[in-house]
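**Q** Using the hints provided, position chain S relative to the given structure of chain Y.
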Amino acid sequence: MKGQMFLIAGIILLLGIITLANIMNIYSVFEEMRHTEASDMNYRVDNIAREYEYMISAMSSQSQINSNNIRSFTENITQYEDVEIFFLLAYANNSDYTMWAGNYLKDSINFTANMSYSIIPDWNIFLDDKSVSFIINNATITDIEINISYTLNNENEKQSLPMRITNNSIIGFFDVRLNENDNFAKKRIFVNRTW
Amino acid sequence: MVKAYLYTIELMITLSIVFLIITFVFNAPSFRPDFGKNVIKKSIINSAEYMYYNDELRKFMENNNESLVEARIIQMVPDTITIEVSDNCDTANLPQFLDVYRVKYYIAGYQERYFFKRICISGWEQ
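Note that the protein sequences, when read in sequence, are chains Y and S.
All residue numbers for the first sequence refer to the working numbering, where the first residue is 3 and numbers rise by one.
All residue numbers for the second sequence refer to the working numbering, where the first residue is 2 and numbers rise by one.
Since the hints were made in silico from the structure, they are not lab data.
Every value quoted in this text rests on a predicted model; they were computed, and no experiment measured them.
Glycine residues also receive a C-beta, built at the ideal position from the N, C-alpha and C atoms.
Warning: the hint list may mix true and false statements.
Not everything, but these chain Y residues come out facing chain S in the computed CB check (under 7 angstroms) [stated by the list, open to error]:
| hint | residue |
| --- | --- |
| 1 | LEU9 |
| 2 | LEU15 |
| 3 | LEU16 |
| 4 | GLY18 |
| 5 | ILE19 |
| 6 | ILE20 |
| 7 | ALA23 |
| 8 | ASN49 |
| 9 | ALA51 |
| 10 | GLU53 |
| 11 | MET57 |
| 12 | SER63 |
| 13 | GLN64 |
| 14 | PHE75 |
| 15 | ASN78 |
| 16 | PHE128 |
Have a look at the derived ranges for each label pair, beta carbon to beta carbon [to be verified]:
| hint | chain 1 | residue 1 | chain 2 | residue 2 | range |
| --- | --- | --- | --- | --- | --- |
| 17 | S | PHE98 | Y | THR80 | 32 to 38 angstroms |
| 18 | S | ILE22 | Y | GLN81 | 55 to 61 angstroms |
| 19 | S | TYR51 | Y | SER63 | 22 to 28 angstroms |
List time: in silico DMTMM-like cross-link candidates among lysine to aspartate or glutamate, alpha-carbon distance up to 20 angstroms [unchecked claim]:
| hint | chain 1 | residue 1 | chain 2 | residue 2 |
| --- | --- | --- | --- | --- |
| 20 | S | LYS43 | S | ASP80 |
| 21 | S | LYS60 | Y | ASP48 |
| 22 | Y | LYS132 | Y | ASP109 |
| 23 | S | LYS105 | Y | GLU83 |
| 24 | Y | LYS189 | Y | ASP48 |
| 25 | S | LYS43 | Y | ASP42 |
| 26 | Y | LYS188 | Y | GLU55 |
| 27 | S | LYS105 | Y | GLU86 |
| 28 | S | LYS60 | Y | GLU55 |
Chain Y extracted, bound-state conformation (with noise of 0.2 angstroms):
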C-alpha cells in the first residue's frame, strides 16, 4: 500500500506538470497577439504624425500660409478612422504671427493659450468639434513661449512650445490619438520650421 502511494503522488505531480506546460504556452501565444496588435497600431498612429510634419515642412514652399491642408487631411483622417486629433498651427512673419486651434477630439472643448512678450498675451475660447478657430497677433521680441491647455473628459492637457518670430517661420503641434476596439496609440508631436 505505501508504495502505491508513491504512484498516485506522480500521477498528482504529473497533472500539475501538464496544467503548467498548457498554462505556459496559452500566454506565449497572448503574448505574440499583443505584441503585433500594438506594433499595428503604433505604425497608423505614426503615419498620421509623420504626414502633419510632411505637411508643415510643405509649407515653407508654398505661396500662402493657412490651415486649409491642415484641416482637410484631419476632415479626410476621421472618415477613415476612429482618431482624436488637436492641433495647434502658427506662421510668425516679422513680428506679426498668426495662430490656429483646430479640435477634432470629438467633444467641445475650452482652449486657452498665453504668449509671452505679445500684444495679445491670452486666447480663451470655446471650440466646437471639427472646427477650427484663429487669431492674429505681434510679438515684442524674437523668441516667445506660448502655453497651450485644452481640457476634454475632466482632464487638462498642457503644452508649453517655443517660438522664434521673424520671417516665415511655422510651428505645429498636434497630439494624436487612434483608438481601435478598447485599445488606442496616442502621439504628440512638435514641428518647428524657419525658412
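**A** Coordinates of chain S only, in the frame set by chain Y:
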C-alpha cells in the same frame, strides 16, 4: 526486507515515468501558435515602411501608380506572399478563404503639392 525493495522499485519506476512525461510535455507545445500570419504581416509592414520612409510611396501615389507600388512590394517580400495594392481599399480582389493581412497608409502630398490619398497593401500566403 522484500517490501522495502518493492517500495524502492516502485518509487524508481514512478520517478522515471514522471521524468519521461516531463521531457515529452516540454519537448513540444500542446498546440503550435500560428506564426505564419505574423511573418506575412511583418514582411508587408517592413516593405511598406521602407517605401513610406524613403518617400517612394508618396511619389508613386501622386500619379495614382498603384501598380508600381505593388511591383516594389513584391520585390521585397518572400515569393510565397501574394500582394494586392488598392487605392480605395476595396476587398473585391482578395481571397475569401485565406488569411489576408492588410496595412493602410495615408499620404498628404508630395513635395509642395497637397493631396489626400489612402492606400491599402494586402498580402496572403499562396
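**Q** Now tell me if each hint is right for this structure.
**A** Hint-by-hint comparison with the structure:
1. LEU9: For LEU9 (chain Y), the interface hint holds, since the closest Cβ of chain S sits about 5 angstroms away, which is under 7 angstroms.
2. LEU15: Where the cut-off is 7 angstroms and the nearest Cβ of chain S is about 6 angstroms from LEU15 (chain Y), the hint holds.
3. LEU16: Result: holds, 5 angstroms to nearest chain S Cβ.
4. GLY18: violated, 11 angstroms
5. ILE19: Hint on ILE19 (chain Y): holds, closest Cβ of chain S at ~6 angstroms, below 7 angstroms.
6. ILE20: Holds, about 6 angstroms.
7. ALA23: Result: holds, 5 angstroms to nearest chain S Cβ.
8. ASN49: holds, 6 angstroms
9. ALA51: violated, 11 angstroms
10. GLU53: holds, 4 angstroms
11. MET57: holds, 5 angstroms
12. SER63: holds, 4 angstroms
13. GLN64: holds, 6 angstroms
14. PHE75: Status holds, d = 5 angstroms.
15. ASN78: holds, 5 angstroms
16. PHE128: Hint violated; PHE128 (chain Y) Cβ to chain S Cβ min 28 angstroms, cut 7 angstroms.
17. S:PHE98 / Y:THR80: 32 to 38 angstroms: holds, 34 angstroms
18. S:ILE22 / Y:GLN81: 55 to 61 angstroms: For ILE22 (chain S) and GLN81 (chain Y) the Cβ distance comes to about 57 angstroms; the hint holds.
19. S:TYR51 / Y:SER63: 22 to 28 angstroms: Roughly 26 angstroms apart at Cβ, these two residues keep to the hinted range, so it holds.
20. S:LYS43 / S:ASP80: Since the Cα atoms of LYS43 (chain S) and ASP80 (chain S) sit roughly 14 angstroms apart, the hinted pair holds (cutoff 20 angstroms).
21. S:LYS60 / Y:ASP48: The hint holds at about 19 angstroms.
22. Y:LYS132 / Y:ASP109: Status holds; Cα separation ~8 angstroms.
23. S:LYS105 / Y:GLU83: holds, 11 angstroms
24. Y:LYS189 / Y:ASP48: Holds, because 7 angstroms separates the two Cα atoms, which is no more than 20 angstroms.
25. S:LYS43 / Y:ASP42: Judged against 20 angstroms, a Cα distance of about 10 angstroms means the pair holds.
26. Y:LYS188 / Y:GLU55: holds, 16 angstroms
27. S:LYS105 / Y:GLU86: holds, 18 angstroms
28. S:LYS60 / Y:GLU55: Holds, at about 17 angstroms.
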